[in-house]
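**Student:** Letter by letter, the chains look like this.
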Amino acid sequence: METRGIRIGVGIWSGLVIAFLWIPLLIILLYAFNGPVIQTWPVGGWTLHWFGQAWHDPEARSSLWLSIQVAFVATAIALVLGSAAAFAIHRFRFFGRESVSLLLLLPIALPGIITGMALNSFYVFAGISLSIWTIVIGHAAFCVVVVYNNVLARLRRSPTSLVEASMDLGADGWQTFRYIVWPVLSTALVAGGLLAFALSFDEVIVTTFTAGAQTTLPIYILDHIQRGQNLPVVNAIVFVVILLTIIPVTIAQRLTRDQGVLRRGGAVAAEPVGEI
Amino acid sequence: MTEAAQPPLRDARLRVSSALWRRPWAKALGLLALPVLAFVVVYIGALAVLFISALWQVDAFTGKVVHIWTLDNFRTLFEEHVYRRIALRTIGLAAAVTVTDAILAFPLAYFMARLASPRLRAVLFVMVLLPLWSSYLVRIYAWRTILAKDGALNWTLNGLGLPDANLAYTNKAMWIVFSYVWLPFMVLPVYAALERIPESFLEASQDLGAKAWRTFRSVILPLALPGVIAGSIFTFSLTLGDFITPALVGSGRSSFIGNVVEEQIGINGNVPFAAAFATVPVVIMAIYLVVAKRLGAFEAL
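Respectively, the protein sequence lines represent chains A and B.
Take the first sequence: its position 7, counting from 1, is numbered 224 in my numbering, and each next residue is one higher.
Take the second sequence: its position 166, counting from 1, is numbered 1078 in my numbering, and each next residue is one higher.
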């Protein structure tokens, strides 16, 4: 129904918006190879020197290591809690069912600063001193919903008759889980896990409130950007961070082939909470 | 097959499975207990502590939080011009960013949903998705370098014979950067809403004699609106709660609610006042969500 002019106009606009989305990312990727210490455009004196510097920077290393540890533990917690909740919500109808979904969704529906502050004042109130575990709890809170969404979406799309058939054929709960449920779910779990990992790996707002003396990689980056210190090294690290978040997301996208679950914010309520 | 012929382990497993099958509530409870308990205790507990502490105060001498009930924090918020200005700036910019993103996103979403070939659509989808998931801090940092005096923007402008833009550390810079960072959050719900419009609706509209513009205004736009509102929930809420963007690309005079909150907690240790100020975005978002629900945005999420 669109006229030719409109089609072309909309197409050009779309191209420009995509360019707007990608040019800044490409520019910052290029800076990682910038020779001079001063940040100027255009990038020149191409070098890989800063990657080596970044690798040997003890502070960067320890914060990378902390980020990886936190992301792993938070992802593990999210996998357990998220899939347990998804199973229950999928299988059973009970009073307060909708509130459970809403509850899990809160940490990403509310601005990160609220989650961060709330946890911070909770820790202070309860006399818990800030440590790697307080960071993990903060990250797990908003990672659960990602796994939950992925698993729930998959469960909704796979027929329950499979499980019933398995039971009818005499399988016990474990066998049904091992041979029916697990093969159906495994890629959704991997995808959910990867997304949770990516989310935790570059989280910064909640972390500023839940980390004590510990520095995660995003905090390290933020600190150095604000102080304008060691920017070439930061650029090299940023290059790696971009790859480290883009790769898991790409894999997750392949695994699910499902546009809904990757909508991050949008994913939270992507599933109608009521009936199937 | 008799019971005795089965190995004991399987026997036990069968007994457990059938017991659970007969008592679904036990299974539901077993699955839900851990996540719900963890969330209620830690998260809801934390939110409760936060909002209760907005009613406490800090002892002027010791700097410690004392549990004396008071509304002073809220009174300060209303009476001090600084805070009103900061709140208005935050809300105003959040609104501007939302409108900007809607204008940028709509044609792209339209193109993806209705004009692009399936192959191109898949490519575009990934191209919108990847920036959404790539580090938000990094993307703000990218703009900080682009807008800097010796950055890519001024270089391009000078190359075209234009003067420097001088955007670094201004409210305009924050507006650009916020619009940039949250743009994918707007594109995706609008795309989803547009994609769901059945072709037959458009044909019907044409059969009834509507021209392209009329079909757009009377059929497409109303059906896409819930998607736009769904997207606006994110762009608005995320801008409202941010403090990294103002810190990195704003000036000293462009503080957001988030910056004040962070300062009060991190530097002054005044949790009660920070908590009181933090209720402002929460209340605004609560109202926003109620209105959005009325407009049917939740079905479009």
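Calculated from the structure, these hints are not laboratory results.
A couple of the hints might just be wrong.
Said to hold, decoys possible - Label pairs and their in silico Cβ distance ranges:
no., chain 1, residue 1, chain 2, residue 2, range
1, A, G222, B, L983, 37 to 43 Å
2, A, G222, B, L1137, 20 to 26 Å
3, B, A931, A, I345, 34 to 40 Å
4, B, L1074, A, E219, 49 to 55 Å
5, A, H266, B, A960, 48 to 54 Å
6, B, L1000, A, R444, 45 to 51 Å
7, B, R927, A, P376, 50 to 56 Å
Heads up, the beta-carbon is just placed ideally off N, CA and C, and yes, glycines get one too.
**Student:** Each of the hints needs a verdict: does it hold here or not?
**Tutor:** Quick rundown of the hints versus the structure:
Our hint of 37 to 43 Å for G222/A and L983/B is violated, since their Cβ atoms are close to 60 Å apart. Checked against the hint of 20 to 26 Å, the C-beta distance between G222/A and L1137/B comes to roughly 25 Å, which is consistent with it. At about 38 Å, the CB distance of A931/B to I345/A agrees with the hint of 34 to 40 Å. The given range of 49 to 55 Å is broken by L1074/B and E219/A, whose C-beta atoms sit roughly 35 Å from each other.
Range check, H266/A to A960/B: about 52 Å between beta-carbon atoms, so the 48 to 54 Å window is met. Between L1000/B and R444/A the beta carbons are some 30 Å apart, a value that contradicts the proposed interval 45 to 51 Å. Taking 50 to 56 Å as the suggested C-beta distance range, the pair R927/B and P376/A does not conform, at roughly 27 Å.
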